[in-house]
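K.L.:
From just these sequences and the hints, can you work out the full model?
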Amino acid sequence: MSLAYFALIVAIVSASVLEIAGAKFGAQLGMMAAALSLLAAAFSARKADYEHYLRATSWGHWGLIAIPLCIAAQLAPLWLNWAHPIWASTHEALGGLPFGPVTADIGLTLNALFLALAALSLVGVTIVVVRDRGRAELVLFVLSGLATVCALALDLHWLSPGLMGAAASDLATTFAGLGIMLNLAVMQLAAERAETRHSVVRSIAIGLCGLVGALASALAIFGLSGTNSAIAAAFGLVLILLILVIRRLDLSPLAAGALSVAALIGATIVLTFLFEKSSGPILLRLVADMGAETRAALERMLADTRWFGAGAGTFSAVGRIYQSDAGAALLAPSAATAIFADMGWIGLSAAVMVSVIAVMRLSFGALQRGRDSFFPAAAAACLLFALIQSFAGTGLLRPAAILCLSVILGLGLSQSVSQSSR
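Letter by letter, the sequence shown follows residues 139 to 560 in the working numbering.
Quick caveat, the hints were computed from the structure, so don't treat them as lab data. Where is the CB? At the ideal position from N, CA and C, for every residue including glycine. Where hints are given, some of them may not hold.
Derived lysine to aspartate or glutamate pairs resembling DMTMM-like cross-links, with alpha carbons at most 25 Å apart [unchecked claim]:
(1) 185 / 270
(2) 162 / 293
(3) 415 / 431
(4) 185 / 275
(5) 415 / 427
(6) 162 / 243
(7) 415 / 437
(8) 185 / 510
Computed spacing ranges between beta-carbons, pair by pair [to be verified]:
(9) 215 / 334: 56 to 64 Å
(10) 390 / 244: 51 to 59 Å
(11) 334 / 498: 27 to 35 Å
(12) 430 / 392: 51 to 59 Å
P.N.:
Below, the structure is given as structure tokens:
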């Protein structure tokens with residue numbers, strides 16, 4: 139597993155650092171490293187590793203392959219009246235067969251499929267590799283360190299606005315939100331080490347590193363980002379605190395259930411208030427302000443989207459049809475908007491459903507675990523933040539965010555079950 143572990147680290151580090159730096163090959167390098175890690179894990183996995191993977195994914199194996207299957211289905215021929223209206227219009231104008239692939243660009247959709255398969259590979263490899271608690275801790279340190287570096291870059295961008303572009307700034311905002319949860323997990327790790335009579339000096343050093351990372355991330359997300367991103371991070375924080383309170387106070391199932399229901403009602407009220415503050419399509423209500431012409435083009439594009447979308451990764455290509463200025467590109471205002479336009483209601487519903495089920499699975503796993511509960515708790519909080527943030531920004535569309543979130547999910551799932559089958 140050493141090679142698989144090394145390739146896993148290379149995948150997330152290369153993709154994250156290079157994308158923030160503006161390099162064009164970061165995503166490709168990360169995907170190649172993910173493929174290498176899968177290959178190495180497949181050759182070195184033992185029966186115990188396979189059984190551990192099955193226990194960690196018992197909440198629903200279908201969920202892990204839902205998105206890749208949706209993307210692959212867009213490459214298969216379908217009747218044109220099921221696909222995007224541009225295909226029906228093309229058929230009426232040019233004639234020909236009344237069926238074809240859903241996607242507007244096969245190359246872009248294939249690239250999106252490879253990225254989805256790389257993310258799926260990282261989830262599976264991480265589940266197997268971090269069975270060992272020492273490796274799980276190292277992966278957590280790497281993830282928190284990457285998130286902290288991105289948050290610091292966003293903090294410095296406030297002092298020097300030319301430090302990074304708008305796209306990199308959106309990615310850094312996403313990493314800053316993840317960094318809060320990950321660094322809180324590092325602080326809990328330090329506290330757990332101190333409680334179990336590990337080296338006090340080392341525990342204090344780890345705790346201080348986590349505190350510095352949490353503060354840098356909090357400054358970036360609460361002080362320098364939009365209100366909706368800050369609220370998304372606050373939801374993740376509340377989830378971590380809720381799990382911590384239930385565990386530390388050793389609440390009965392009835393009391394824990396009542397507290398969870400109260401938190402769920404409060405979250406529903408806050409989200410309802412956020413979505414009702416503005417009018418228009420629900421997918422555009424949490425995004426930043428945009429010009430009236432751009433908003434009208436987006437509304438027309440969303441209105442034409444069918445169940446299967448226009449093809450994963452083709453938002454910009456299809457957006458040119460709706461943009462009045464031929465020289466300008468219509469960019470997605472949020473990850474949820476892009477997923478809906480690319481993959482339709484089926485793809486967006488599958489993504490939201492898988493995220494919600496994963497958050498619930500990780501939360502229950504955190505409550506059932508002992509000293510390792512901070513791993514699944516942090517992963518659940520990161521997924522909850524990502525789910526809400528996807529309606530407010532585009533950071534989650536970047537390959538670096540997708541690959542790192544996949545590793546976070548795998549880390550949480552692996553540590554949410556015991557090492558034995560008993």
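K.L.:
Give a verdict on every hint.
P.N.:
Evaluation of the provided hints:
Of the supplied pair hints, the one linking residue 185 and residue 270 holds, its CA atoms being roughly 15 Å apart against a limit of 25 Å. Restraint check: the Cα-Cα separation between residue 162 and residue 293 comes to about 23 Å, which is no more than 25 Å; the hinted pair holds. The suggested pairing of residue 415 with residue 431 holds, with an alpha-carbon distance near 21 Å, which does not exceed 25 Å. The suggested pairing of residue 185 with residue 275 holds, with an alpha-carbon distance near 23 Å, which does not exceed 25 Å.
Straight-line distance between C-alpha atoms of residue 415 and residue 427 comes to about 13 Å, which keeps the hinted pair within the 25 Å bound. Simply put, residue 162 and residue 243 have alpha-carbon atoms about 21 Å apart, close enough for the 25 Å limit, and the pair holds. As the CA atoms of residue 415 and residue 437 are separated by approximately 18 Å, the hinted pair is consistent with the 25 Å bound. Restraint check: the Cα-Cα separation between residue 185 and residue 510 comes to about 23 Å, which is no more than 25 Å; the hinted pair holds.
The beta-carbon spacing between residue 215 and residue 334, approximately 59 Å, falls within the hinted interval of 56 to 64 Å. For the pair residue 390 and residue 244, the beta carbons lie near 56 Å from each other, so the given range of 51 to 59 Å is met. As the Cβ distance of residue 334 to residue 498 is approximately 29 Å, the hint placing it in 27 to 35 Å holds. Taking 51 to 59 Å as the suggested C-beta distance range, the pair residue 430 and residue 392 conforms, at roughly 52 Å.
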